[in-house]
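Asks: If you want the building blocks of each chain, they are given just below.
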Amino acid sequence: MLNKRGQLMWLAVPALGTIGLILFVPWVFTAGLSFFEWRFTGAPGFVGLQNYATLVQDKRFGEAVVRTLVYTAGSVAGPLLLGLGAALVFVRDFPGRQALRLAFSFPMLATPVSVALVWVMMLHPQSGVLNHMLSWFGIPPSAWIYSQRTVLATLIGIETWQWTPLMALILLGGMTTIPEELFEAARIDGASAVQTFRAITFPLLVPYLLVAAILRTIDAVKSIDLIFVMTSGGPGTASETINLYLYSNAFAFYNVGYASAISVFFLGLVFLLALALVWVKARHAVAA
Amino acid sequence: MSAGTIREPRRVQAVRLLLAGVLAAPACFFVFWMLSLSLKTEIDNIAYPPNFLPDPPTLQNYVDVFAQNDMLRYLLNSLLVTGLATGIGLVLGLPAAYAIARLELPKLGALVLLARMTPALSYLIPLFFIAKWTGTAGTVWPVVLAHLLITVPLITWTMISHFQAVPREIEEAAAIDGCSLFQLLTRIVLPLVRPGIVIAVVIAAMFSWNNFIFSVILSAPEWRTLPVAIFGVMSFEQLSWGPLAAAAFIVTAPMLVLAGTLLRFMVSGLTAGATKG
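Respectively, the protein sequence lines represent chains A and B.
So in my numbering, the last spot in the first sequence is 288, and the numbers never skip.
So in my numbering, the last spot in the second sequence is 277, and the numbers never skip.
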């Protein structure tokens, strides 16, 4: 039997090895380069912690960090709250439920680049359809992604539209595990819908809410497709998140050493956020 | 009994229908508008107020986007990258999933989450330079290699539960008959999990197909995948809306047409590693 376990271990090696190599070799490389000054050509020059010292004082980077946190907070809260509402709507039967649930889920299925491009056209300040449709209701036109004031909120809105379905479907999965007898008992006791939600649905849904929040946080903090295609961080730097600033440093300013330092910081931030959420989840599981 | 089986009064059902309609409306309009833009002439597309229905509808944008942008080539590139990444992903992922299932090491599934939560640029930038130095930058391989980070974890994670469902008695009987591990896998276990393999392939292919940023950084111009080529349509033609919408529709059409089948797989791919397979 020991022999068989050994044989089995070897079966997992190619996959784990490949993933390990594609992830870890670049990380070691990045961590190493973060101590060098290197601009694409010539030999890298060792500068010690210089890149990290620059990072701390870089105002543009600091703004990108704040922006990333704002973007993440909005892109987690929006889909999670709306998704909870949507799950409460779709959890029980009504005519056309399957079809409407599918149509509602289109945004998470569509290719992200297509989503971004079509939104660019819909949001166009002059001939975009959105401003026109809002004018039916007397709502004044907005510059959406073309104004520094509104760009971040607009992107958060689109991200919310795109990812509310996933949150709703995760929460729906959670709701269907709640035994129907509980709702039956609540009804016999004369509990209102709000009381039932607060006493039964919500507490039993917390683990699913946490899973949904963890996934959404991870995805929102490193969101890139939408911002890259729609604004490339602009106008100015108004939608420049850490990811976009990192990209610019590597491929527009050719400042690879500095980009590597940003990369290390960013990896650390993502893992910290993920760890924090996993810790909250674990603590909850023990308490429950 | 589970939630969803209680019959509610008609009035409540009507409210649910109304709210569901409100929730689905923006998505429906989005798809409608993408189609409308792609079927209208350029003059109609920049008219204000906008024309909602194409009059008359034209397929010229679809002809143009293929004729002027080499779309066929990028379509084939996308098929090649997704095909190779999924194929290699199977070769690597199936044995790994079997081993993890039989050794009962579900914690290794956490590696799926690791690959998922890593910001792509943290490995794409180094891979870009490694590709340059190894002389592979002009080939399709760097981007295929990066796509393995999508397909291998997804296939492995999806297959673990399918392998766990295969009764051990069957394998023990085969082992007594003198089957080697390789024969056991190829002749007995894999045929039993064929439905699971189909699901794993669909999930991996979907995420590989939709990916954008890997190819932005790692693809030489002639190896760009479809999503990146479509982004190129926007950058170079100063927002020519019709062809752009046609291109956007072409890349996402397989997802929307098969939406009914794909949705479940999409959710399971997006939650892989975080919830039970």
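A hint or two may mislead.
Derived EDC-like pairs (lysine to aspartate or glutamate); straight-line CA-CA distance at most 20 Å [stated by the list, open to error]:
#1 K132(B) / E37(A)
#2 K4(A) / D177(B)
#3 K4(A) / E104(B)
#4 K281(A) / E180(A)
#5 K4(A) / E42(B)
#6 K4(A) / E222(B)
#7 K4(A) / E171(B)
#8 K132(B) / E222(B)
Take a look, some chain B residues computed to stay more than 10 Å from chain A by CB distance [unchecked claim]:
#9 G178
#10 L190
#11 P191
#12 P195
#13 I199
Covered stretches of chain A, as calculated for chain B (at least 3 residues, CB under 8 Å) [unchecked claim]:
#14 22 to 33
#15 210 to 219
Keep in mind that the hints were calculated from the coordinates and are not lab data.
For clarity, every value in this text was computed on a predicted model and none was experimentally measured.
Cβ coordinates follow ideal geometry from the N, Cα and C atoms, glycine included.
Asks: Compare the structure with each hint and give your call.
Replies: Evaluation of the provided hints:
1. At most 20 Å may separate the alpha-carbon atoms for a hinted pair to count; K132(B) and E37(A) meet this at roughly 19 Å.
2. Proximity of K4(A) to D177(B) is assessed by CA-CA distance (about 16 Å); at most 20 Å being required, the pair is judged to hold.
3. Straight-line distance between C-alpha atoms of K4(A) and E104(B) comes to about 13 Å, which keeps the hinted pair within the 20 Å bound.
4. Note on K281(A) and E180(A): the hinted pairing is violated, with a Cα-Cα distance of about 25 Å set against a maximum of 20 Å.
5. Distance check on the hinted pair: K4(A) and E42(B) sit about 66 Å apart at the alpha-carbon level, beyond 20 Å; violated.
6. A distance of roughly 47 Å separates the Cα atoms of K4(A) and E222(B); the hinted pair therefore is violated under the 20 Å criterion.
7. With a CA separation close to 12 Å, the supplied pair K4(A) and E171(B) stays within the 20 Å bound.
8. A C-alpha spacing of about 16 Å is found between K132(B) and E222(B), which places the hinted pair at or below 20 Å, so the restraint holds.
9. Chain A leaves G178(B) outside its interface by the beta-carbon criterion, the shortest separation being 14 Å against a cut-off of 10 Å.
10. The claim that L190(B) lies off the interface holds: its Cβ sits roughly 13 Å from the closest Cβ of chain A, which is beyond the 10 Å cut-off.
11. For P191(B), the condition that its CB be more than 10 Å from all CB atoms of chain A holds, with the nearest at approximately 18 Å.
12. No Cβ of chain A comes within 10 Å of the Cβ of P195(B); the nearest lies about 21 Å off, and the non-interface call holds.
13. The Cβ of I199(B) lies farther than 10 Å from every Cβ of chain A, with a closest approach of about 16 Å, so its non-interface assignment holds.
14. Given a C-beta distance limit of less than 8 Å, the hint that chain B covers the region 22 to 33 of chain A holds, as 8 residues qualify and 3 suffice.
15. Interface restraint, the region 210 to 219 of chain A with chain B: holds (4 residues with C-beta to C-beta distance below 8 Å; minimum three).
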